[in-house]
Amino acid sequence: MEQFVTLTVNGVILGSVFAAFALTLVLIFRATRIINFGQGAMAMFSGFLALRTIEATGSWWLGLLVAIVSGFVIGALVERVIVRPVESGPEINAVIVTLGVFVGFVALAGILFGNQFRGFPGAFSLQGFDLVAITPNDLFKLGAVVVALLVLVVLFQLTSLGLQMRAAAFGQEVARLLGVRVSNMLTLGWALAGAFGALAGVLIASGSPISPNYMDAVVVFGFVAAVLGGLDSFVGAVVGGLVLGLTSTYVSGYVSSALPTLAALAILVVVLLVRPGGLFSSSVARKV
Amino acid sequence: MLEVKDLTATYGPVTALDGVSLSVPQGRITAVLGANGAGKTTLLRTISGLVRPKSGSIALEGQDITRTPVETMVRRGMAHVPEGRGVIAELTVEENLRLGRMFRGGKDEAQDLEEVYRLFPPLDSRRKRSAHTLSGGERQMLVVGRALLSKPKVLLLDEPSLGLAPLVVAQIFSLVRELVDTTGLAVLLVEQNAKSALSIADTGVVLNLGKVVATDDAQRLAQDEQLRHAYLGF
Numbered sequence: 000m001e002q003f004v005t006l007t008v009n010g011v012i013l014g015s016v017f018a019a020f021a022l023t024l025v026l027i028f029r030a031t032r033i034i035n036f037g038q039g040a041m042a043m044f045s046g047f048l049a050l051r052t053i054e055a056t057g058s059w060w061l062g063l064l065v066a067i068v069s070g071f072v073i074g075a076l077v078e079r080v081i082v083r084p085v086e087s088g089p090e091i092n093a094v095i096v097t098l099g100v101f102v103g104f105v106a107l108a109g110i111l112f113g114n115q116f117r118g119f120p121g122a123f124s125l126q127g128f129d130l131v132a133i134t135p136n137d138l139f140k141l142g143a144v145v146v147a148l149l150v151l152v153v154l155f156q157l158t159s160l161g162l163q164m165r166a167a168a169f170g171q172e173v174a175r176l177l178g179v180r181v182s183n184m185l186t187l188g189w190a191l192a193g194a195f196g197a198l199a200g201v202l203i204a205s206g207s208p209i210s211p212n213y214m215d216a217v218v219v220f221g222f223v224a225a226v227l228g229g230l231d232s233f234v235g236a237v238v239g240g241l242v243l244g245l246t247s248t249y250v251s252g253y254v255s256s257a258l259p260t261l262a263a264l265a266i267l268v269v270v271l272l273v274r275p276g277g278l279f280s281s282s283v284a285r286k287v
Numbered sequence: 000m001l002e003v004k005d006l007t008a009t010y011g012p013v014t015a016l017d018g019v020s021l022s023v024p025q026g027r028i029t030a031v032l033g034a035n036g037a038g039k040t041t042l043l044r045t046i047s048g049l050v051r052p053k054s055g056s057i058a059l060e061g062q063d064i065t066r067t068p069v070e071t072m073v074r075r076g077m078a079h080v081p082e083g084r085g086v087i088a089e090l091t092v093e094e095n096l097r098l099g100r101m102f103r104g105g106k107d108e109a110q111d112l113e114e115v116y117r118l119f120p121p122l123d124s125r126r127k128r129s130a131h132t133l134s135g136g137e138r139q140m141l142v143v144g145r146a147l148l149s150k151p152k153v154l155l156l157d158e159p160s161l162g163l164a165p166l167v168v169a170q171i172f173s174l175v176r177e178l179v180d181t182t183g184l185a186v187l188l189v190e191q192n193a194k195s196a197l198s199i200a201d202t203g204v205v206l207n208l209g210k211v212v213a214t215d216d217a218q219r220l221a222q223d224e225q226l227r228h229a230y231l232g233f
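Chains U and P, in that order, are what the protein sequence lines are. For the first sequence, numbering that gives the first Met the number 0 begins at 0 and goes up steadily by one. For the second sequence, numbering that gives the first Met the number 0 begins at 0 and goes up steadily by one.
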């Protein structure tokens, strides 16, 4: 029983970070109908910038701030400079370009920060509590994702900017006719995804060693979580993230620590067979 | 109010508009009629900036808007209701309406929205419902209401009667007529349903294969049997 509780709590925490990462893929997919395979590498790069800042200033929080701001800027730049020029071509072009972004950022990080593992300090203590095997640092991760989610919900549901972003995502041409500057909204979508991804990157890094490939596993889980949720649903991404987080800890706790990735792919296959649109796909006929 | 001169637009090798000229005066409805593929929709899309014209000019209140980006049209007082309803189905009725007045509306959002709900009572009870739950007629009310919220000087309406019951069409047309008469709005109406369109329009313009073949008073056009048989199908 104790093991079950521990695994569940850890699963939720891990799942929340997967959810955060899945959300970045959803943000971008909703805005531009592109799967950004470079998202994990962009987040990793921001993670390294955070580590550098922490090493230089000793402030973990300044590092987090630098990561989020750099993520926002990197997201916007990648959309404007790299993705925008190929967007008018066939969809596959943009997808291949995002693979290039992935390779580019991993290589750049290798050059700038080195390829060896480096310790990333935790935000809070890494010492576990007496009753369950979780740490204050873990609880902080969960809290940070919840706060970030709330910010996202408020932005999208309650502000005029959020309404414009949703309009741009769901009805580009109509939105333009109504005066929404759609191209700015798309850039903003990428920028937000960059910032959110950077947060996920720092949370994953927090309290463990990182190398330029440290986000790769998260990309797999985050991607499966996003597809599970239907790729254009925020709720779906969160639920998908939690399902993946729990699966991952249960499988590694009860079966074998070598199997979580395989389990994730098995879930993906089953969901795509049963509900090809994802669990939360909004099957609204899109007639504009 | 709106002046279109010698407008030509092409899709690759196909000429969709071939030297189209027309004008839409304040407080008047100009109906553009013609068969499928005559270039009616392209005409509206070119005027609002969704399609770049090859040559010709468009002026709104005497100011050239030929190459003005589509996003700024609303701010200049032009509202375009596209073909096929143009609701954003994933948003609620109220969110659709809020978008309409976001860039150019009155001071009081709540009051502006109430005005639309008063004009279109069926929308009132569905404020928080997602727009995809609306019927065809309600969707048309929503997009017309949304367009009016931007306080346009010129309203471009693309096939508002498409797929609607005759009674609903009559309702929407008479409402548009009333608005034109009371507020001085200028309307450019594109319709395949020539008979109903001419019954509310002041001027009719008949398009065929991208060219204007007739421009005349709406009443006279409706009585011109030869033209009716050749181009209007009634």
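Watch out, some of these pointers could steer you wrong.
[Said to hold, decoys possible] One-sided excerpt, in silico: chain P residues whose CB lies under 10 Å from chain U:
no.	residue
1	A78
2	I87
3	S149
Treat the hints as calculated values from the structure; they're not laboratory data. Even glycine gets a Cβ: it sits at the ideal position worked out from N, Cα and C.
- Item | Interface hint compliance - P:I87 to chain U, C-beta minimum distance less than 10 Å | Cβ of P:I87 sits 4 Å from chain U, so the hint holds.
- Under 10 Å, Cβ to Cβ, is where P:A78 needs to be relative to chain U, so tell me if that hint holds or is violated. Holds, because the Cβ-Cβ distance from P:A78 to chain U comes to roughly 8 Å (cut-off 10 Å).
- Query: Once the shortest beta carbon distance from P:S149 to chain U is found, is it less than 10 Å?
  - Reply: holds (7 Å)
Against the hints set out earlier in the document, no violation occurs for any number.
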